[in-house]
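Following the hints, put chain B in place on chain A, whose structure we already have.
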Amino acid sequence: MKATVLVRPKRGILDPQGDAVESALGHLGFSVSEARVGKVVDLEVDASDATEARAQVERMCEQLLANPLIESFEVEIHG
Amino acid sequence: MASPQPRVGVVTYPGSQDDRDALWALAALDAEAVPVWHEERELPDLDAVVLPGGFSYGDYLRCGAIARFSPATTAVCEFAEAGGLVLGICNGFQILCEAGLLPGVLLRNESLRFVCRDVPLVVERDDLPFTSRCATGQTIVIPVKHGDGRWFAPPELVRELEANRQVVFRYAEACNGSVDDIAGVSNERGNVLGLMPHPEHAVDPLLGSADGALILASLVEAARKRVLALI
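First to last, the sequence lines map onto chains A and B.
Each residue of the first sequence is one higher than the one before, starting from 9 at the first, in my numbering.
Each residue of the second sequence is one higher than the one before, starting from 2 at the first, in my numbering.
Since the hints were made in silico from the structure, they are not lab data.
This structure is a prediction, so every number in the text was calculated from the model and none was measured.
Beta carbons are placed, not taken as given, at the ideal position from N, Cα and C, and that holds for glycine.
Among the hints, a few may not be true.
Chain B is nowhere near these chain A residues, computed Cβ spacing over 12 Å in every case [what the hints assert, rightly or not]:
#	residue
1	T12
2	V53
3	D57
Here are the computed distance ranges between Cβ atoms for each label pair [what the hints assert, rightly or not]:
#	chain 1	residue 1	chain 2	residue 2	range
4	B	A83	A	L33	50 to 58 Å
5	B	G101	A	L33	32 to 40 Å
6	B	D205	A	R44	38 to 46 Å
This is chain B alone, in the form it adopts within the complex:
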């Protein structure tokens, strides 16, 4: 029997930019990439969901603050609560933080400048559905492009996250002023992950790095295991 293709949804909000790249990257990694419109109240049958980068609703008020109220976001929250795999990239990370699915918040970069470059990241744990193809301690190179990427949480919350091993990626060099150089965090259960760097822009060596494929292929593989478990 051929290996089943997992169905991975990508939500498009008004102002999303990287939805098409995410769909392309997931398809390149052998998932069935399914576009999901922000007005959909119910998600189609999916094995994982990606919230892409961009500037949903013009980043009005705070990044991600308005997208949190989209019908699709409500559906994604229910999907996550039921144990579904959810990956938020850049603006998707900001939305997941505003929706309360992930801890912390993303603030204006310390430099006040938009950063757009490849950054080295250290993988802090390889036992999540998003990092199974990585190795703990490995440095991977993935591009960032954001003006509001400075992750922040109060010290007591950071201590709690460190104790729970919810810090998943750290910048290996200063990037935007994030607390403890944190680039990506998960929820306590480990089925929701957000990160500022863009794995979907790094799945082909032609673009300078294919390290993003390590993250997305981990997700596709985890989603495929869920399909197999149901067969």
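So that you can see chain A by itself, here it is in the shape it has in the complex:
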């Protein structure tokens, strides 16, 4: 089962990378009031159904893929 994990810097955490991207977009003439840079992790998970896959991936996020002090995560399961 395919899963995608989106890891984002939590709101309120300073994201200098996002600030640099925002400023670079401004230089290109785009009007952007905020940019935040996170990570995408694509996984192929051995699970019998989507519920089990989600539960597994959420545990992966809690134990490794995201650091709860600074990052939030979102799990997408694709059939």
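Same frame as chain A, now just chain B:
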């Protein structure tokens, strides 16, 4: 009887860089410096352990996140839980934070630039095994070299650490955007310390400062006391 030489281990991970400097500095300060390979499941007989700087496992995912799973890190965690002295320098600090032995996390520098220079640090307390040769309030000069050194913890955790006196070193000038200019923290028990600056690069005046020796010699001395206590 000659004063016993304490055995201080230095763990080498794939991507460690400062392990040899740490071994050299500890030996120069009269410890028996013992290299420890990251695959070792059991630590040799040691009186203290140093996790050195570098880029373990390429800093993949987050700095220190993968090194946390090394067999040697698991052994170091057990050593620390049993009261053993553990010092994490730079990447070693990041590993100790990811392993949950130390509070907080290290993020990309506010400037997005790698900083590599001598920085003044204020010693916040001199009653730890790592700072006995320093004086509270003293300013020492030690080099930093890191891209991800911005220490962060949520405000309520910072308040708790301040109340417990777990903030051990503070930058005396802006360095990387760390919360409250925090450069090094200890665990509550005081047997585990992490800091971003590199004491092992400052043990000989020829290199610009020997202030790092204050920290490492404190550690060696504390380790020696533990040996003497066992004799």
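We went through each hint and held it up to the structure:
Listed as outside the interface, T12/A is consistent with that label: its C-beta sits roughly 16 Å from the nearest C-beta of chain B, beyond the 12 Å cut-off. Listed as a non-interface residue, V53/A keeps its Cβ farther than 12 Å from every Cβ of chain B; the least gap is roughly 17 Å. No beta-carbon of chain B comes within 12 Å of the beta-carbon of D57/A; the shortest separation is about 28 Å. Look at A83/B against L33/A: about 52 Å separates their beta carbons, and that is inside 50 to 58 Å.
A C-beta distance of roughly 37 Å is found between G101/B and L33/A, which places it inside the suggested range of 32 to 40 Å. For the pair D205/B and R44/A, the beta carbons lie near 44 Å from each other, so the given range of 38 to 46 Å is met.
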